[in-house]
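Trainee: Sequence:
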Amino acid sequence: MSRLRRGVDATDWAKGPADAPVTLLEYGDFECPFCGRAAWELKRLESAVGDRVRFVFRHFPLTQLHPHALLAAEAAEAAGAQGKFWEMHEMLFQNQHNLEAPALLTFAADLGLDMGRFTRDLQEHRSLPKVQRDFIEGVRSGVNGTPTFFINGERHNGAYTAEALLAAIEQRVGPDIEPMTGLPWEGDRVPRMGRPQSRM
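Mapping of the sequence shown onto my numbering: position 51 corresponds to residue 1134, and the numbering continues sequentially without gaps.
Simulated from the structure, these hints should not be mistaken for laboratory data. The structure displayed is predicted, hence computed values, not measured ones. Treat each hint with caution, since some may be false.
Derived pair list, reagent style EDC-like, types lysine to aspartate or glutamate, alpha-carbon separation capped at 16 angstroms [unchecked claim]: (1) Lys1098 - Glu1129; (2) Lys1098 - Asp1134; (3) Lys1126 - Glu1207; (4) Lys1167 - Asp1134; (5) Lys1213 - Asp1134; (6) Lys1098 - Glu1170.
The task is simple: from the sequences and hints, build the whole structure.
Mentor: Structure follows, in structure tokens:
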């Protein structure tokens, strides 16, 4: 089973306690429709497990398939430099049909970011080395598509529904993670505008 070549550290975007018994790390692409689907499932999972799981995101933009994925990753990093990574992360996945530069500027403005700083960060590609490092380390860890998940450093090769991820977590750490209850079922999902046309 593939393992992460580099463990989670201070350079990663993480939410949840650092001492949580489980770390769920995703290599993702903001333009990948399957990653958009996974983002919804992760929200369901987060509702169930609360602070018992730490969620981590690393970039894996598949630029040959998704021409806007790299700039979107840089936009997320630029927002993160102003303390709004996860807010931009969610906004990008909610608007996968429109990730061109003008839209990214609109998202940044909606988040109340310093637009001068955000624009300079994108124009000067200040976050490109971080995104490229994530990608290269993903390849070295056996990532070859998106989304790819690692649970406590071990690659998860099954489905990425909230239920499947929870079952995989329980298999590794025991039944300390309680079964999901009271979560939105599939039919409660709010449809997004547009339909993704690309396929990973």
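Trainee: Any of the earlier hints contradicted here, and which numbers?
Mentor: 3, 4 and 5
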